[in-house]
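**Student:** Using my numbering, the first residue of the first sequence is number 905, and each one after it goes up by one.
Be aware that one or more of the hints could be misleading.
[Stated by the list, open to error] Below are the BS3-like pairs computed for lysine-lysine, each with C-alpha atoms no more than 30 Å apart in a straight line: (1) K1320 with K1293; (2) K1116 with K932; (3) K1017 with K1250; (4) K1017 with K1144.
[What the hints assert, rightly or not] Quick list of simulated restraints, FRET-style, between CB atoms: (5) P909 with K969: 37 to 47 Å; (6) G1304 with G1256: 24 to 34 Å; (7) Q1016 with V1315: 21 to 31 Å; (8) S1076 with W1177: 49 to 59 Å; (9) M955 with D1091: 24 to 34 Å; (10) F1223 with S1076: 16 to 26 Å.
Hint data in this document are derived by calculation from the structure and do not stem from the laboratory.
Where is the CB? At the ideal position from N, CA and C, for every residue including glycine.
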Amino acid sequence: MVERPRGTRDFSPKEMEKRRYVEDVIRKVSDSFGFREISTPTFERSELFIMRSGPEVVDQMYVFKDKGDRELALRPELTASVMRFFVDKLKNYPKPLKIYYLGPCFRYERPQKGRYREFFQYGAELVGGGSLDSDVEMVNLAINVVKRLGIKSFQLRLGNIGILRKLLEGSSDVNECLKFITTGKFDDLSSRLAADGLSDKEDAILSLAKLKGHDILQQVKELVVNDALEEALYLESLGKALTGYVTDDIQFEPAMVRGLDYYTGMVFEIDCWELGAERQICGGGSYSLADVLGGERIFSTGFAFGLDRMVLVLEEEEFSFPSKAVEVYVIPIGEAMRENARGVLKTLRENGISSDVDLIGRGPSKNLDYANSMGAKKVVFVGEDEWSKSSVSVKNMETGEQTDVLVDQLVDVLSK
RNA sequence: GUGAGGGUAGCUUAAUGGUAAAGCACGCGGAUGUGGCCCGCGGUAUCUCGGUUCGACUCCGAGCCCGCACCCCA
């Protein structure tokens, strides 16, 4: 037995049914919002990811050399490729550009619940927006996907990293300060601020870091009234625009810092508490593409979802996924009827009725068992008695009802 | 990368250091004119390597894998 590589999974038909459901909803909702799907390669030159996320990421990537001695990496995320695609070609498309994408990503990490070495992401970007309306649109899309999937318990957390960036203006290393804030290293922050002559901002930053909740915006405004009022007001406007339109349940976190350095404005995350330590299913924010890969200074908003975690949440909420089982199972009775059964099957399939047939010559009882365990909704018996009257017998597997139907009318009856 | 825990058949669970057992699932038959029930039969397992022992599923060590938490999280 050759083992499956660590952190990877095989998906059974049942599991794929769930994953397909999630993907179908994602595509349907994204399409309905005017986003268009794109796709990029599963591997890229390593430097693309290093440019975006720093040299440390090499430790967590699958890196290899190809036969031309090029250094490549399995993509650890989708966004870097999408940005490359944008800078390369998509920049000439009409703005705003609304795109989404879906696919496997790879990270060399220790697996745990909701975290795998091969995992699947869904992401969307709105390029060339940068207004309040585009931020609203992106949060709206994310929340709509969550709702349309049928996820019941989730929490939107919303911040504006512009507030902290404004307070830290003049610092010798803004991104390092932000890192100190997320990791809670306030001593390091304090000495950095002192060195940069920004100690007067320290109190406000520490207070902001503690503020989390629905009704805290007044306090936020008071804290930053002289430094970043405009950014605080933006967060407030965003909250107002979302309330009554997207969701009323917003947790504001003015000091939310996402892992990436490049976010400049609105940032948001969506949590589902079922997932334990890895409870975040979505994260995103607005950024300026130019600061990441060069090119024009163009404002964008994007997000990424963990597809595996969406499936996990639905499973833990005991969501009943729609079944992809066949509509009809055809059972020939007796060797002589097999050819007729094939004809019936052909007609059904040509009319778009998903159907299956006995292939191994089992008796009617065993065939009903099989149809049952495959979840077929109806069974069509092709037997001599009915066939002599140009009919077949249709059985409803839920109610057990059975009626004879003329072969000519079979498609009509089953389409109802 | 760190920590504590776990690994017997496809799944769930048995077996003082002494014959590896069962239920479900799967396959065949009862049963080529009617399912969810029933009956009979069948195949499949101690994660791997090493050690202790007359003898290891059981004890010890290492590795692999899994779930959990930390770290990280693009």
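**Student:** If a hint holds in the structure, say so; if it doesn't, say that too.
**Tutor:** Comparing the hints with the structure gives:
1. Distance hint between K1320 and K1293 is fulfilled; the C-alpha atoms sit about 23 Å from each other, no more than 30 Å.
2. Among the hinted pairs, K1116 with K932 is inconsistent with the structure: their alpha-carbon atoms are about 34 Å apart, more than 30 Å.
3. For the suggested pair K1017 and K1250, the alpha carbons sit about 45 Å apart, so the restraint of at most 30 Å is broken.
4. A hinted pair counts as satisfied when its Cα atoms are at most 30 Å apart, and K1017 with K1144 does not qualify at roughly 35 Å.
5. At about 19 Å, the beta-carbon gap between P909 and K969 misses the expected band of 37 to 47 Å.
6. At about 26 Å, the CB distance of G1304 to G1256 agrees with the hint of 24 to 34 Å.
7. Taking 21 to 31 Å as the suggested C-beta distance range, the pair Q1016 and V1315 does not conform, at roughly 51 Å.
8. For the hinted restraint 49 to 59 Å between S1076 and W1177, the CB-CB distance of approximately 39 Å leaves it violated.
9. Between M955 and D1091 the CB atoms are about 32 Å apart, so this pair conforms to the stated range of 24 to 34 Å.
10. The supplied range of 16 to 26 Å is broken by F1223 and S1076, whose beta-carbon atoms lie about 50 Å from each other.
Comparing the model with each numbered hint stated earlier shows that hints 2, 3, 4, 5, 7, 8, 10 do not hold.
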